[in-house]
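Participant: Sequence order for the protein chains is A and B.
Okay, so the first sequence: first residue is 1 according to the working numbering, each after it adds one.
Okay, so the second sequence: first residue is 1001 according to the working numbering, each after it adds one.
These are computed hints drawn from the structure, not numbers from a lab.
Heads up, some of the hints might be wrong.
[Said to hold, decoys possible] In silico DSBU-like cross-links for lysine-lysine, where the CA-CA straight-line distance does not exceed 35 Å:
#  : chain 1 : residue 1 : chain 2 : residue 2
1  : B       : 1264      : B       : 1354
2  : B       : 1401      : A       : 138
3  : B       : 1241      : B       : 1375
4  : B       : 1399      : B       : 1384
5  : B       : 1375      : B       : 1320
6  : B       : 1375      : A       : 138
7  : B       : 1264      : B       : 1384
8  : B       : 1354      : B       : 1384
9  : B       : 1264      : A       : 138
10 : B       : 1401      : B       : 1384
11 : B       : 1399      : B       : 1447
12 : B       : 1323      : A       : 138
13 : B       : 1320      : A       : 138
14 : A       : 138       : B       : 1399
Bear in mind the structure is a predicted one, so any value in this text is a computation, not a measurement.
Spelled out from the first residue to the last, the chains are:
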Amino acid sequence: MANAPVSDVKDVETPSESSSDTHFNVSRLLGSWRTAGIFIPFLILFIILSISSQPFLQSTNLINILDQQASLLVIAAAGTLVLVAGGIDLSVGATYGLTSVIAGQIAEHHAPWIAVVAGLGIGLLIGLVNGTIVTVFKINPLITTLAMSFVIGGIATKVTGGNLIVLTTDPGFAKVAGTNFLGMPSAVWIMIVIVVALALLLSRTTFGRFVVAAGGNAEAARLAGVRVNMVRIVTFVLSGGAAAAGGIIDTSRVLSAQASSGGSALAFTVLAGIVVGGTSIAGGEGAVPRTVIGVLFIALIGNGFDLLGFDPLYQQIVLGVILLIAVGLDMWARKRQR
Amino acid sequence: MSAGITDNDTHRTVRHTGLDVEVAGVSKRFGGALALDNVSVTLKAGTVHALVGENGAGKSTLGKIVSGVLTPDDGEVRLNGAPVALHSPREGLAHGIVTIAQELAIVPGLSVEENVFLGITANRAGFVRRRESRRRFNELAEQVGFRLTPGAMAGSLRTADQQKVEIMRALSRNAAVLIMDEPTGALSGDEAEALYEVIRSLASNGQSVVLISHFLSEVLALSDTITTLRDGRLISTVAAKDATESSLIEGMLGRSLGAAFPEKQPADPDATTVLSIDHLYAPQVSDASLTVHAGEIVGIAGLVGSGRSELARAIFRDAKVTKGVVLLEGQELKGHSPHTSIQRGLSFIPESRKEMGLLVGRSVKENITLSRLDKVSRFGWISKSRERAVVSGLMTRVKVKAANMKVPASSLSGGNQQKLLFARIAMCEPAILIADEPTRGVDVGSKRAIYDMLVELAQTGMGIIVISSDLEEVLGISHRIMVMRLGRIVADLRGEQMNQQSVLEAAFSQPTVIEGEV
């Protein structure tokens, strides 16, 4: 019937009937569109900004963008793995907030490395809890991480008593993200190392294959011997750790922290970046480099609005439209690939 | 489907009986490939007309052109001699042409009756006229002889009954031509038998049925006319009484098939026991004991629901075993996940390859190496060159036909998708392979290739358990046959005892031993 459900279950005959060379070309083209997809608008935007705004192409502006986006990029890179494995993590914003304030409070009185280790430890632990709830208790990841974000946010407010934490006594903590190395702050270098590591983890390792398999068809993956639950837990742990790293980087950059920083706004911006990058919200495919471009694309829009003096009101509208286009194209590509 | 029947009682009695559908010189191209090449067929009213051919021969494409899902590039469709241009299934529907697809379009949360009248619910000013609706339902049910509870949730019905709902829906829309694509693929024997009755009665009522099917015995028994397609071209249209299974296969393949099954290699009497199961209890399995020797193919027969797949899953440790042990090469198989079973040398090919076997959107390569990525990686880092070498070796060995190893599994035909799973197994080199319905939905040519593969794997010393609903298949390839009924193994047939009659007798036997436990 005309309204047959859209699924990957197909008529036995269709695959080979449409398996002409052209079909392969079409799907390959779509495949490469998915890879190249966001790169092209990104390049166009980059060129437009370079032409229309004098200060844009200056290295201070570009490095500044990377510095500001470092935390988001790290969180989005790990979030890509969660999404590809068929999950979603909405608790990253709250985790970012909690680790920010805890790292900040510890850094006031202790050595910076203790603050870093404590922050990361809490992030990884939150990820472990998320992953365990999702896999062992089989609660929908969207609900799990949404609920967890309330819990974590509450804890963060309790820890700070609602106050802004400002690091005044020990400037050592600023060096975590602010040490200049080869012309770029360490925040950018840390981001590059983590993002590259996560990109390789997804694309070149057995674990990465398992992540893709778990998100693509969990039952088939399980019967093929993939420990799907374990794989999913690890992606949540990575996401929690990345959220903590993001919180620590930003606290070190601005030397202040607040329980309410991050929150759902950060979680959604991260998700937007991943999806605009072309990673499918349905799981089973995606790549970290595309996420990087997706996040930076959104950042460039913001930067462009600032530099060109547009009303920032329209920035959100533009972002929303772009997000819808990205998801729409993804659905269209999936349908064509059937 | 907007045409709501309101107070017009006469409308429903109008039937498009006596609709001859003529397909004249139709061609259809998908990109560069001709899916249909100048095909002409006449589907006469009041007949059952079967379309047969291998996967990719163009059967479904032809069906879709007749129903309006696809428009032909060349040629035309004529209804009772008048050319029509159908641009959508809706337009086909308006002419009384309805397709019942392989995947059913049932709304599980609505009742049987609501599903039947979906979109054409009898109403007055938007309010459903319940009594009127029920009256029409009963009329329809009587006419086709279905016994369905109108108020039952459609989702709770077994597949055969859901299919009946679809057929009733088609009839409620005054269908003159019903196109059925693999209607019995998901049905058990008796359910299929019931459907055959319906098809026959439809034809005797003057409606015509286009039957697209892989089951040649079904095609021969039901049809009046059989059209064979190969590579998009019309090979022949003959009266069913003039066709035989082998003449059809020859037309489909362009050559004769030769023997359907490879020659049986005698099992080595001194072979070691690789698998032994002792009084195993699991959900829907009770007191199952069996042994499999190296190089032996053991068939498991039985009706659908007799516990065959459940036994497979219990052995594979994917279901909870409540009692009893599984010994693999003399050692007890513990652990509770497919992962450990595979590591220990036990592999499983599940019954539905798309839902449980493959990552359809991923590449051929990724699908093959998924279970044993450790063989092509070091410390978790995949060696691309090693993976390529292993995959191309396996693709040659298992004869997977694919453009290259990077194309998605979804682009392969059913038979080749199944071969992918065999390539995966070959890479695992297990001591025991359990294959659940290994040739379901696979065309004739690929079936033989899969049997050859099973025999070849057995010759390497693998012990193989084949679960199948296809009796000929079980008889054709097994060294021994176990028959299951109600979760128990009721017969262990070997040698002379292995024949159709003894298998059926065991499958339908009354359980003689009823022990106290459950």
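Participant: Compare the structure with the hints numbered earlier in the document and write down the numbers of the violated ones, lowest to highest.
Facilitator: 2, 3, 7, 9, 14
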